[in-house]
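A.B. asks: Chains as they are written, first to last, in the numbering used here: chain A, 1 to 179; chain B, 1 to 113.
Possibly wrong hints are sitting among the right ones.
[Unchecked claim] Derived PhoX-like pairs (lysine-lysine); straight-line CA-CA distance at most 20 Å:
no. : chain 1 : residue 1 : chain 2 : residue 2
1   : A       : 64        : B       : 75
2   : A       : 163       : B       : 43
3   : A       : 64        : B       : 33
4   : B       : 107       : A       : 174
5   : A       : 108       : A       : 54
6   : A       : 174       : A       : 86
7   : A       : 163       : B       : 107
8   : A       : 132       : A       : 121
9   : A       : 92        : A       : 152
10  : A       : 55        : A       : 92
11  : A       : 86        : A       : 106
12  : A       : 92        : A       : 109
13  : A       : 174       : A       : 64
14  : A       : 98        : A       : 109
15  : A       : 121       : A       : 54
In short, the hints are calculated from the structure, not lab data.
A quick note: this is a predicted structure, and the numbers were derived from the prediction, not measured.
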Amino acid sequence: MKAFTPCATIIIVCSAIFSMQVFGQKAQKLSDPEIASVAVVANQIDIDYATIAKKKSTNADVVKFAETMARDHQSVIDQAVALVTKLGVTPKDNAVSKSLQSGAVKTKKMLNSKSGEDFNKAYIDNEVAYHKAVIAAVETVLIPNAGNKELKDLLLSVLPILKTHLGHAEMVQKMYSSK
Amino acid sequence: MSTAWVILRNASCLLFSILLLNSCATSEKTAPKTYTVEISQMKFIPAELNVQKGDTVIFINHDMVVHDVTEDPGKAWTSSPLPVGKSWSLVVSGSSDYFCSIHQVMKGKIIVQ
Numbered sequence: 001m002k003a004f005t006p007c008a009t010i011i012i013v014c015s016a017i018f019s020m021q022v023f024g025q026k027a028q029k030l031s032d033p034e035i036a037s038v039a040v041v042a043n044q045i046d047i048d049y050a051t052i053a054k055k056k057s058t059n060a061d062v063v064k065f066a067e068t069m070a071r072d073h074q075s076v077i078d079q080a081v082a083l084v085t086k087l088g089v090t091p092k093d094n095a096v097s098k099s100l101q102s103g104a105v106k107t108k109k110m111l112n113s114k115s116g117e118d119f120n121k122a123y124i125d126n127e128v129a130y131h132k133a134v135i136a137a138v139e140t141v142l143i144p145n146a147g148n149k150e151l152k153d154l155l156l157s158v159l160p161i162l163k164t165h166l167g168h169a170e171m172v173q174k175m176y177s178s179k
Numbered sequence: 001m002s003t004a005w006v007i008l009r010n011a012s013c014l015l016f017s018i019l020l021l022n023s024c025a026t027s028e029k030t031a032p033k034t035y036t037v038e039i040s041q042m043k044f045i046p047a048e049l050n051v052q053k054g055d056t057v058i059f060i061n062h063d064m065v066v067h068d069v070t071e072d073p074g075k076a077w078t079s080s081p082l083p084v085g086k087s088w089s090l091v092v093s094g095s096s097d098y099f100c101s102i103h104q105v106m107k108g109k110i111i112v113q
């Protein structure tokens, strides 16, 4: 069976997020409850990947990175939940969040099928690809669609976290590939 | 009053004034100062800080995630994990590079002048 590549991760996330834009004017706009759902799902997916990494990897750099991902993305979810609670908004499932979830099922299956060095490389490569795709989605879809100012501000403040994660993942990826 | 006495008195006053001014200037130069580095938007702000030995630097975590402040590269000192909203103080003993060991791309510098 062909390996599930980081490129495939980008395609899955981008096609999920951008699918509503492909049809231009006909595309439905994401509402704030839908944006909240996408934000929570996207963060939860990376926590799930981290959980697999903490279970399967013995590489100190990979495990430490996974611990950071789990902690940081949970903090973002906590902030998002606090905000929607304050605003009285209930996150609403939508095509984008469902597509992200189905893509994650495939990625988790791929990660679970690997072990040792192959797993470490697959996990870090996927983290680089996933963060690139999510950053693009937050910048070009979620922030422009957010109606509530506090929700927009939250998304804006999450961007530096995602970009730092990407830099960290690329650093581990580089260290790992030079071994 | 003799002229010599007046000259002596004026000279004494002048000498005292010079010594007093010099003493004030010296104490101002050496009094330890306190600086603040804010951790915000995944950055140390300011990322580079010029201080004197003995000054105090307070790091405050204004981000939504946990950070730390750790000497780089030897980890000679560290704040340990700094939760959201918490602060940590360092009395500067020398120039140091530092980073967040949780998010290793976050870096800063303390320069003792």
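A.B. asks: For every hint, state whether the structure bears it out.
C.D. replies: Results of checking the hints against the structure:
For the suggested pair residue 64 (chain A) and residue 75 (chain B), the alpha carbons sit about 16 Å apart, so the restraint of at most 20 Å is met. Between the alpha carbons of residue 163 (chain A) and residue 43 (chain B) the distance comes to roughly 11 Å, so the proposed pair stays at or under 20 Å and holds. The suggested pairing of residue 64 (chain A) with residue 33 (chain B) is violated, with an alpha-carbon distance near 36 Å, which exceeds 20 Å. With a C-alpha separation of about 18 Å, the suggested pairing of residue 107 (chain B) with residue 174 (chain A) holds against the 20 Å cut-off.
Of the pairs offered as hints, the one joining residue 108 (chain A) and residue 54 (chain A) holds, with about 13 Å between alpha carbons and a cut-off of 20 Å not exceeded. Taking the CA atoms of residue 174 (chain A) and residue 86 (chain A), the gap is about 42 Å. The hint is violated against a cut of 20 Å. For the given pair, residue 163 (chain A) sits about 15 Å from residue 107 (chain B) by alpha-carbon distance, which is consistent with the 20 Å threshold. A C-alpha spacing of about 17 Å is found between residue 132 (chain A) and residue 121 (chain A), which places the hinted pair at or below 20 Å, so the restraint holds.
Our distance criterion of 20 Å between C-alpha atoms is met by residue 92 (chain A) and residue 152 (chain A), whose separation comes to about 17 Å. With a C-alpha separation of about 31 Å, the suggested pairing of residue 55 (chain A) with residue 92 (chain A) is violated against the 20 Å cut-off. For the hint pairing residue 86 (chain A) with residue 106 (chain A), the CA-to-CA distance comes to about 34 Å; that exceeds 20 Å, so the pair is violated. As the CA atoms of residue 92 (chain A) and residue 109 (chain A) are separated by approximately 26 Å, the hinted pair breaks the 20 Å bound.
Between residue 174 (chain A) and residue 64 (chain A) the alpha-carbon distance is near 16 Å, which keeps this suggested pair within the 20 Å criterion. About 17 Å separates the Cα atoms of residue 98 (chain A) and residue 109 (chain A), which keeps this hinted pair within 20 Å; it holds. Among the hinted pairs, residue 121 (chain A) with residue 54 (chain A) is consistent with the structure: their alpha-carbon atoms are about 14 Å apart, no more than 20 Å.
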